[in-house]
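These protein sequence lines map, in sequence, to chains A and B.
Position one of the first sequence corresponds to residue 1 (the numbering used here), numbered consecutively onward.
Position one of the second sequence corresponds to residue 10001 (the numbering used here), numbered consecutively onward.
Quick caveat, the hints were computed from the structure, so don't treat them as lab data.
Among the hints, erroneous ones may be present.
[As the list claims (entries may be wrong)] Listed below are the simulated SDA-like cross-link pairs for lysine to any residue, each with C-alpha atoms no more than 25 Å apart in a straight line:
| # | chain 1 | residue 1 | chain 2 | residue 2 |
| --- | --- | --- | --- | --- |
| 1 | A | 759 | A | 683 |
| 2 | A | 515 | B | 10052 |
| 3 | B | 10103 | A | 515 |
| 4 | A | 669 | A | 637 |
[Unchecked claim] Short derived list, chain A residues pointing at chain B, Cβ under 8 Å:
| # | residue |
| --- | --- |
| 5 | 38 |
| 6 | 58 |
| 7 | 60 |
| 8 | 61 |
| 9 | 81 |
| 10 | 88 |
| 11 | 109 |
| 12 | 762 |
| 13 | 763 |
| 14 | 767 |
Every residue gets a Cβ at the ideal spot worked out from N, C-alpha and C, and that includes glycine.
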Amino acid sequence: MVRVFSCHNFTSQQVFSTQSEPIALCCAGNIVFVSTDVCNIEIYTIGEKNCQLTHRFNTIALVQQLLYNEQGNYIATLELKTTRHQPVTFVRVYFNWQTCTTQQPTRARVAGQSVRWSETTANILEVVELPLKESSKHIASCNKTGNLIVAMGTTLNLFYHCSKTLGSSSFVYSDFEQALVINIGFNILEVAVCGDYIASISKSTIRVIKLVWSKQHGPERKRSSYQVFQRDHSTGSVDTYEGDNSFDSNPPIDEDTETPNRSAAVSPWQQVVFNDLYVGEEYEVPPVDDDDYVLWDFSTTLHSKMGDVISPACVLQEASLTDEKDEPVEITGPVETVAGQPITVEWTRKYKTRPLISSTTILYKCCKFPGDATEQYLHSLKLLPTYQKSSRRDRLVGLSCFVSGFHEGFMYDVYNCDCTLLSTYNYTAKSKLVTTTDSLLHAVTHNGVETYTIRKMAAALVQINEPSQNLAIPPATADICLIGFRQFFDITAVSAADNFIILVSKAMDSPSATKNWSIYALEMQDPIALYQDMLQLAARYQVSNSLAYQQLLTEAYLLIKSSVYYEKHQTDSDKLQELIKNCCALLGHHYARDSGKECVLSIPYYKMSGLCLPDIVSNHKQDIKIKESCSRYSGLLHYMDSVLFTPTSDDNINEETSDIILEIYNTYKPTKLSEVILVSNLRQYSDEKALLMLQSNSTHRDEKRTLEKCHSLDCVATSILYLRMCEPEAACSVLMSMTKDAITDVFVQHHHLLLDDNKAGLSHIGQLLRRHRADVLIEILIHLHDNNSIDMDRALDLLDINVGELHHNTHIRNYLEALISANERESIYPKVLELLLRIYLDRLNEQSEDPFAGSPAKTHPHSHVLRGDGHFATRYIWLDELPPFKGSRSLGQQCEHAKSQSFPRASSPLGYSRSTSPHSFTRTSLPQSITHGVTRIANEPCPCCCCNEDLLKLQSLLCWKSVAQETTQKVLSSLVKTMKGFISLELLCQSRLNITAANEIIVENYPHLILDYANSMALWESANHYVALLQMLLAKVNTEGSSMAYNTEDTNSVYMDQFEGVLSVVVELLDPVSLLTLLPSSGSCSFFLPYIERCYKKYKAEQLKEEIIQLVK
Amino acid sequence: MAGKTQLLKVVILGDGGVGKSSLMNRFISNKFDSQSFHTIGVEFLNKDIVIDGHSYTLQIWDTAGQERFKSLRTPFYRGSDCCLLTFGVDDVQSFHNLNMWKKEFLYYADVKDGDSFPFVVLGNKVDVPPEERQVTADEAKLWCEANGRSPYYETSAKDAINVDEAFTAAVKLLLKMEERVEMRSGYTDTVNLHKNRSRKDHCQC
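Next up, chain A with everything else stripped away, as it sits in the complex:
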């Protein structure tokens, strides 16, 4: 779609006239070249006030088309000469046109021939004629390479622009060598070339191709005496993505003369050496003195005379070409072939070595047009390159291709062989001619000149801008605008100079005797003035039509960006840069107010504008106060997010601005307010105002019942603000009102809130949490350990590991216990275990001095040992029978200590976490029977679990299956006999270190526990353990039996019971023979027989099982 914004006017208009009728024209800078019907070219310089004829030179014939090439500084012409009613076309190139006069002779030569004159006469006007054997239709040149391309019928002849020296002479002259013949397949009416890209059109078909160079070479040919190299052009040359193999490579002269024929890595033009057979064409000169001599010229028909055909066989076999298709077709590349439309690329024969070359089609489009099929529908073909300047060589960063039909023009992006339709230009009337500048397109219609915007810059910006910079690029496919119209009639030619559009107008119906032509130089609007006009117009749309406003701003931005990039206004560079920033700021403001998908563009545009956050906020201040309903400021919020939540951002934002920012968040994104307060770089806001906003927010939210998560962040923010305002009670109250999970979520996500500014200790909120919600703090720290935010050492520091005695620090103990109770943290077990064992042992030692010291009693069924899959293992049941416990029931009984007195003291200066509920004992929670019959001896330690929490935990740790020997050794060495539970700890340690010693202890002192003990030990011991125990018991039974007089019946029976128990296990483990050797010879047969029998049966059963398995196998 074309949008219409009338904001472009030509600033001035000059009219001048050539002496003779103008035929064609072209422009370079602000110089206009006009060819006239008296076979000359008049050269005018357009000033601000007048157009001055500076040069005029004669051409050989009537110039139908002319072009100026910057790189070669030449004027190329397509000339027509009718001699004796035979029209003949020529393509000629004029050098030294600046020094020409009509009085001086013009020197002529044919391209590719050696010159024989010296440099003393080098500065006279020189014309070089291209050797062409067919009628030419159109010419084009590449402004970077100087190469010239000629359209003849269905073929394109590419002439390579080069500089030559002759022999040892230092005389350098420009020349052209016919290099490639490309058969496009349709009758070419216009052609355009840019580096390796070639575009051509017929009446209704356009094809854009790119030459593809191969590193392979064609067959060798005879070496020439010439050295050929490219001209040294100070402007550098193009670079393509493919590297050096292209027409674009222009190395300096020195390099070339030294190495004219290098490897395939260098320019292909350096590898091609002209065949001396071609030079001078002497071999073709017929012996004209012989009347019978007839020359047969097969060059136009014989294919073999040309170079090798570099096309796949399948392409050559394709169906014959059709010039125009019936149906409209559009094929966007890159494609190698287009069905029915093969292309051949051939080297001419004069090259010694020729890299293989083929083509890739980027665009093939056949248009269907209304009206007479014989009429030329397409016209004004153009390739519009964008180069990135650099000291070494310019790099092609964008290439657009324009072609126009009668009523619509098409602009494609063809860079890098990817084809995209950028814009469609729908003219208001039938078009005849189109010319372009870097930022505008001027279409000549039957009514006048229509001026449109173009997207060449936008397409190239994608390549120019580094992706890492995250700069905004207006979309290249966005709608274009018709920005101006100027009425004109009878325009026959148009061309664009730097600041002017040059038009040739011929009145068709005026009497032929009078001069009926005029040349108009329309001064284009200065980009700055046009920019300002666009902005003025945009301002009118700002409120009423947001899209129009945005489009005009974008157009203005691209306009100025183009002016800067293409360096046409270097003097105003600073001002233009300022305007770019200004425009970016306006675009930033626009997207800031936006709420659509594009609102995030506020970030790059603000970044490009150079504005800082306070400037931006101040710009929106008024609007925000008004609270426009139409603007939701999503873009502004995105931008503020990007600034406020970027750690590197160092915006120093004052209190006033900070408050406005909070206000903006409060108004447009209240859910983010607490995050801004807690997490962002914003510091200098007023705590009172922030608190008020949060509170009002909270009330508002309660009504709406929004997410809990946001609410918890608000609560934390509120609490922190209270603390800052020195109101700890209020802060505490807010914190206490939160659930454990809510607090944990917030601080795990924003753990830095726990740390003070130096990151060395706990922040105020962290301290508050420790004092009042220590359990939550520990849980948070565990989460932070697991997500690698705060490691163990850091956490221990925060919990004051270096302050006071370690075993009095409940928080550290809790933290370590939590750490060790999950198996995924096994890697840190040794470190944790070392600390934790030290704590427990120290505490047990301390309790041995003060038997009533311990954890507070709990009132309901509970467990002191943390569960989980960590280091805390299930304690062996026999441990409950060892002192200070008196059976498993004793652990659950009511604490004797608690019964007699209220809990004595806070044992840690750091403050234990305590339940404030009374120590009541409920019968429902503990069976009555357990409490019966328990008698307490004075000073005897209480056997309840509460009083022996540390012991329970230590035992649990030692019951873990993989406790290291070093650990048990350390524990064993730290044990003191007076310590509570000494014997159980010693047993646990010895069972790992010295099983015999452990066995002895249990057999001697706790015979009733032998079986339980043995079973628990079996977890890590083999049958030998039972055997050893059995032998020990056997000896004991024997001993006991012999000293029956001294022992009670009970003791003996205890040993016997245990013996039988162990024996029952052993018979399951041993074979009958081993069992028999184990049994005492003096043993009672009736006692042992059942065991032997069981053993035997089991043994036989196993044997049978083995046999069956063998049989099955």
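Starting from the known structure of chain A, arrange chain B on it as the hints suggest.
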């Protein structure tokens, strides 16, 4: 088209040193330089003249006469409207070479009907002492008569004798020939059985 009759391409041919460049300079700028150098390659200059009330621009092509420059000059014969075959009256060889020049021109100019092409023969350097003269006017006229009745002028670039006349005559001859061609072109749909066939058009094998 206006340019067709206004611009006339005139090629001056002849052996090296017969005074082709001097003739051109005398005609265009009315100057003579006795120290002039050999022409290398091809040069041209324009001169506006009025004949019978009509103005014409003569594009006069000066060529290098030496054999070694042949490849440089021959490409520019194409599109010529008239050819001035020049010899030095003091150089009989240059006179004998006129045949060669005419053939060379007709071949490279790609003129299909050589007999109707306007050639003008110039015997230059008539200012030389009579004893140095090697070609008589009669010999020259005889050659012209045998070669399509080309007009013959004896000129002296040095003394400005007959130079303007020769060029003017060339234009008049050309115009006369043009008229004939135009008359003939009116019957292009018919086959002219009497028309001479070009040498290039038939095979010799």
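Do the hints match the structure? See the list:
A hinted pair counts as satisfied when its Cα atoms are at most 25 Å apart, and residue 759 of chain A with residue 683 of chain A qualifies at roughly 17 Å. At most 25 Å may separate the alpha-carbon atoms for a hinted pair to count; residue 515 of chain A and residue 10052 of chain B meet this at roughly 24 Å. Distance check on the hinted pair: residue 10103 of chain B and residue 515 of chain A sit about 44 Å apart at the alpha-carbon level, beyond 25 Å; violated. Simply put, residue 669 of chain A and residue 637 of chain A have alpha-carbon atoms about 8 Å apart, close enough for the 25 Å limit, and the pair holds.
A hinted interface residue such as residue 38 of chain A counts as satisfied when its beta carbon comes closer than 8 Å to some beta carbon of chain B; here the least separation is about 6 Å, so the hint holds. The restraint placing residue 58 of chain A at the interface with chain B holds, with a minimum CB-CB distance near 5 Å, inside the 8 Å limit. Checking residue 60 of chain A against chain B by beta carbon gives a least distance of about 7 Å; that is within 8 Å, so the hint holds. Because the closest C-beta pair between residue 61 of chain A and chain B is about 7 Å apart, less than 8 Å, the hint holds.
Interface hint at residue 81 of chain A: satisfied, since its Cβ lies 4 Å from the closest Cβ of chain B, which is below the 8 Å cut-off. With 8 Å as the threshold, the beta carbon of residue 88 of chain A comes within range of chain B, its nearest partner Cβ sitting at about 6 Å, so the hint holds. Hint on residue 109 of chain A holds. Least Cβ distance to chain B is approximately 6 Å, under the 8 Å limit. Residue-level restraint check for residue 762 of chain A is violated (minimum Cβ-Cβ distance to chain B is 96 Å; threshold 8 Å).
Checking residue 763 of chain A against chain B by beta carbon gives a least distance of about 92 Å; that is not within 8 Å, so the hint is violated. With a least beta-carbon distance of about 99 Å to chain B, the hint placing residue 767 of chain A at the interface is violated under the 8 Å criterion.
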